[in-house]
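J.: Protein chains in written order, with the numbering used here: chain S, 314 to 780; chain H, -1 to 587.
Just so you know, not all the hints are guaranteed correct.
Stretches of chain S that chain H covers, calculated by requiring three or more beta carbons in the stretch to come under 8 Å of a beta carbon on chain H [stated by the list, open to error]:
{"no.": "1", "region": "414 to 426"}
{"no.": "2", "region": "436 to 443"}
{"no.": "3", "region": "499 to 509"}
{"no.": "4", "region": "530 to 539"}
{"no.": "5", "region": "565 to 579"}
{"no.": "6", "region": "733 to 746"}
Some chain S residues flagged as far from chain H (calculated, every beta-carbon gap over 12 Å) [said to hold, decoys possible]:
{"no.": "7", "residue": "Thr328"}
{"no.": "8", "residue": "Val433"}
{"no.": "9", "residue": "Arg486"}
{"no.": "10", "residue": "Glu727"}
If you are wondering where the hints come from, they were derived from the structure by calculation, not from laboratory data. Remember, predicted model here, so these are calculated numbers, not experimental data. Even for Gly, the Cβ is constructed at its ideal location relative to N, Cα and C.
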Amino acid sequence: MIKLPREKAGVVYRTVREIRGPLLFVEGVRGARYNEVVEVRLADGSEIIGTVLDVYEDKAVVQVFGHTGGLSLDAAVRFTGDVMRIPLSEDLIGRVFNGSFKPLDGLPEPIGVERREVFVSVINPAAREPPSEFMQTGISVIDGMNALVRGQKLPIFSEAGLPHNVMAAQIARQSTVLGAEEEFAVVFCAMGIKHEEYEYFRREFEKTGALDRAVMILNLAEDPVIERILAPRIALTIAEYLAFELGMHVLAILTDMTNYCEALRSISIAREEVPARKGYPGYMYSDLASIYERAGKIRGRKGSITMMPILTMPGGDITHPIPDLTGYITEGQLILSRELEARGVYPPVNPLPSLSRLMKDGVGPGRTREDHMEVSNQLYMAYSEGVRARSLARIIGELSLSERERKYLRFADEFERRFINQGVYENRPIEKTLEIAWDLLAMLPEDELIRISEENIRKYHPRHRSA
Amino acid sequence: MSSQAGIIKRVNGSLILAQGLKGAKIGDAVYIGELKLIGEVVRISGREVALQCYEDTSGVKPGEPVIGTGNPLVAELAPGLIGEIFDGLERSELELWRLTGPFIGRGYKVASLKRDKKWDFEPRVKPGEEVEEGDILGTVQESSVIEHRILVPVGVRGVIESIEEGRFTIEDPIAVLRTRDGRRIELRMLQTWPVRIPRPYRERLPVSEPLFTGQRVIDTFFPIAKGGTAAIPGGFGSGKTITLQQIAKWSDADIVIYVGCGERGNEMADILTHFPELEDPRTGRKLIERAIFIANVSNLPVAAREASVYMGVTIAEYFRDQGYHVAVIIDSTSRWAEALRDLSGRLEEIPAEEGYPAYLAERIAELYERAGRVVTLGRDGRIGSVTVMGAVSPPGGDFSEPVTSTTLRFVGALWALDTELAYRRHFPAINWLRSFTKYVEVLEEFWRKHEPDWRGYREKALALLEEASRLEEIARVVGEKSLPNEQRLILLASEIIREGFLVQNAYHPVDRYCPPEKQVKILKTILAFYDLASPLVKAGVPVDRIRSLGSVVELLRLKEREKLDDIEKAFESVKRDLEELRREYGIGG
Ligand SMILES: Nc1ncnc2c1ncn2[C@@H]1O[C@H](COP(=O)(O)OP(=O)(O)OP(=O)(O)O)[C@@H](O)[C@H]1O
Ligand SMILES: [Mg+2]
Chain S
314 MIKLPREKAG
324 VVYRTVREIR
334 GPLLFVEGVR
344 GARYNEVVEV
354 RLADGSEIIG
364 TVLDVYEDKA
374 VVQVFGHTGG
384 LSLDAAVRFT
394 GDVMRIPLSE
404 DLIGRVFNGS
414 FKPLDGLPEP
424 IGVERREVFV
434 SVINPAAREP
444 PSEFMQTGIS
454 VIDGMNALVR
464 GQKLPIFSEA
474 GLPHNVMAAQ
484 IARQSTVLGA
494 EEEFAVVFCA
504 MGIKHEEYEY
514 FRREFEKTGA
524 LDRAVMILNL
534 AEDPVIERIL
544 APRIALTIAE
554 YLAFELGMHV
564 LAILTDMTNY
574 CEALRSISIA
584 REEVPARKGY
594 PGYMYSDLAS
604 IYERAGKIRG
614 RKGSITMMPI
624 LTMPGGDITH
634 PIPDLTGYIT
644 EGQLILSREL
654 EARGVYPPVN
664 PLPSLSRLMK
674 DGVGPGRTRE
684 DHMEVSNQLY
694 MAYSEGVRAR
704 SLARIIGELS
714 LSERERKYLR
724 FADEFERRFI
734 NQGVYENRPI
744 EKTLEIAWDL
754 LAMLPEDELI
764 RISEENIRKY
774 HPRHRSA
Chain H
-1 MSSQAGIIKR
9 VNGSLILAQG
19 LKGAKIGDAV
29 YIGELKLIGE
39 VVRISGREVA
49 LQCYEDTSGV
59 KPGEPVIGTG
69 NPLVAELAPG
79 LIGEIFDGLE
89 RSELELWRLT
99 GPFIGRGYKV
109 ASLKRDKKWD
119 FEPRVKPGEE
129 VEEGDILGTV
139 QESSVIEHRI
149 LVPVGVRGVI
159 ESIEEGRFTI
169 EDPIAVLRTR
179 DGRRIELRML
189 QTWPVRIPRP
199 YRERLPVSEP
209 LFTGQRVIDT
219 FFPIAKGGTA
229 AIPGGFGSGK
239 TITLQQIAKW
249 SDADIVIYVG
259 CGERGNEMAD
269 ILTHFPELED
279 PRTGRKLIER
289 AIFIANVSNL
299 PVAAREASVY
309 MGVTIAEYFR
319 DQGYHVAVII
329 DSTSRWAEAL
339 RDLSGRLEEI
349 PAEEGYPAYL
359 AERIAELYER
369 AGRVVTLGRD
379 GRIGSVTVMG
389 AVSPPGGDFS
399 EPVTSTTLRF
409 VGALWALDTE
419 LAYRRHFPAI
429 NWLRSFTKYV
439 EVLEEFWRKH
449 EPDWRGYREK
459 ALALLEEASR
469 LEEIARVVGE
479 KSLPNEQRLI
489 LLASEIIREG
499 FLVQNAYHPV
509 DRYCPPEKQV
519 KILKTILAFY
529 DLASPLVKAG
539 VPVDRIRSLG
549 SVVELLRLKE
559 REKLDDIEKA
569 FESVKRDLEE
579 LRREYGIGG
């Protein structure tokens, strides 16, 4: 539980006038501060926390994060006079908490060497260091075409039933920065996911020993919905401490952001705000940015936060506000496709709409290989030609395709089968990924490889290599 | 100073209601609460005043004081702007970093411009000389490319009593002026200007020359003029930021003001890292010496986004008034519009479409209206311009949403980005069928220097592209193979235009910037190829034979060649190859 320092015990009021969803309307309050933390004590003695969302003279609107069942007008509300902070120390590593920072592992409440604000944390843009270290995930479609760099925020856009968890776990298991041996930690934040999904991650982390290096913040499907607003912020406050104070390289996995956004919407509706699209509040972009932008690196500090949010696209619709606003904030996206999944391809990442904006800074000579970016661009172009040929073939039949179109169609098939497709425990080094890519590109006439420089064709094309 | 005090009654996010701010005017800057957070008066009703706070209001409570300054929110204007990075309120983020560490704190007061730094001031007028507003008092060499011209402030006129050469801070008096009615005014380098009010000029001029960007699809097909306006809408990842950054890097503006409005922190960090390394292709000087950054990123307070765009254009107008051509880049105007919506919602105004206030169109128009080519104030009436280019981020990539559809009505050029092109890594993903420009006629003059029939080539290429996209529709149903040869040649030509001309890789060491003569030359070569190949195809040469000629493949790589000679040579070999084909097929010449 977020404990308050003794000296700031705060003032207690028993003047709740209305309870509406997660909101308490308290009256007769003197000097409530915007965004301050309150503790609400229920008749049965249990406590939940909340924050002040609006304060008008002596009336305060409080949003509470716990279950509101059992809450009544005679609840005691303690205004603490301070914004929400949590105690932080290295000892958090290996621990498990709920979305209000209550221990779930049977161990005592943490004692911090430092307390940090949970809600507002903004890295000065002038102090940011642009991420540029290639993180090898061992997954070809990521490393080869959408390479991840340390300090990047790269979400997975998925749909119910697709293997996003398996993929995220594989990334967590296999990610390495080439030639670096450094301290890492995993911060895992669950928002409204099922218990078995959490168990899956837990087992996967356990297998690789990452569990000892993990901090878990869990809000599962049966836990209070509004606590989902708090959970990722607590997780990232911890991540920031580990990264920027202790110099660790943190991988933060946030899942499922769709549940987070739904919690945000329910507060907005309770507040009777004018919605923007599909009932989601107009400030959802900024709200999501206040979470996603906590990834990154800072000049002069050792650590980093690499963020992998996972979200399920409602109805598989990428234009839905949740994936849409996420895509506008994150540094790219990996998009899972039902079609590839149905064809038995794992991981079913459709490269065409996927993107890693920071790839260019992490690959190339001295980092991976000089032809990396060009090969990626050429694969994009060729695969999209192939997909086009495939849909044409569906209409006019494969035999009516031109020679060139048929080559691209064959390329697309092979590309999915040999490049995208790989094993859940297969860890391909980047050289291997590029080798497969070149073998595939060699299926096409050399003239078609116009996104690759002539030098690199001479140097890496299998035909020239073997000659 | 008429500073009035009031008391906070309500805190609702960035909206503060206060009472007792007597004499407050709309637009007055205020200090809110014990932390003295910066805000602005946005509504007055009876005794109650609504304030928009530009900083995070956590911890503020009713009963805390509000102090009115009696003055509007201003930009500080003086040497020290170049190469700086500010937030939306013009606080130096470098200075903030030094003061508060890498995480942004609240309520810190940092001066916009360094107060202790001394600049070499060189007078341009002599004692006894009569000067008027906008005249150049003297100059400071601020960076190796920017001579900062200190102007007689707007509204001031008189005789110079004294003026000094030497090293001064921006607050030191540099001259004394006596007005007609005998008042003595001390002039300093530091001036201020209210950001919401356009700076005055003598006369607006029609635009006449391009803002040359070095990006082929823009310069050749959808050019923008200096003093013009452009919008670049597109879904996420379609290339708005990279295109705008390319313009910031390679365009021939004298000064570039880059407003990162509600976008990513890493993108600002990226430009800040690269600008000090990259060189201007014309002056050979580092790009940082002509750039100013305003980084009001997405996780900074939303309200300040609203101010940041006005801060950007005000600084731009200030340099325009010195006689410079300034490019203002705003990424993204949608985030600014969202800030308007946010405030409007908190004020409980009646929303129009999708929650945006009814005055959205008015605000967008006013913003783009601040672009223009002008004759400045001052006796020597310099010519300067402000070009405004804004990204638009339509939700779901849907251009019919309010911000995009409204913006289209007020800009002179539209670079419409296309997600489909982006998916196949055709960058810049500017869709040639949906984009437009109103500047072709006025820019013809410029291009004629490089090619008398520039316009003809442009139109011919666009016509080919348009025809090709019609044919592609058909091919999508019947397959390319069943199209007649002549139509397949059109498809081939359009493919060469797309790959060999329109696609331009921002990260290619040669191709990232394409000078005008090269643009013309590549386009002419491709079109000449089409003209030469047409009769052959008509006479029965299969298109596949033509496609596989080595010299035709070379057309796709002309853009990577550094020397114009290479393009010339490539054309010669296309001619030779086609000639050979003609002979092979026994076609009469
Ligand atoms: N001219 C170009 N050359 C090479 N790559 C490009 C070019 N333009 C865009 N890209 C690629 O597209 C990616 C996305 O571009 P960009 O960041 O400009 O998109 P955006 O439209 O600004 O997206 P958002 O709205 O999310 O900010 C870049 O990271 C880069 O990989
Ligand atoms: Mg962008």
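J.: Hint compliance check: list the failing hint numbers for this structure, sorted ascending.
T.: 1, 3, 4, 5, 6 and 8
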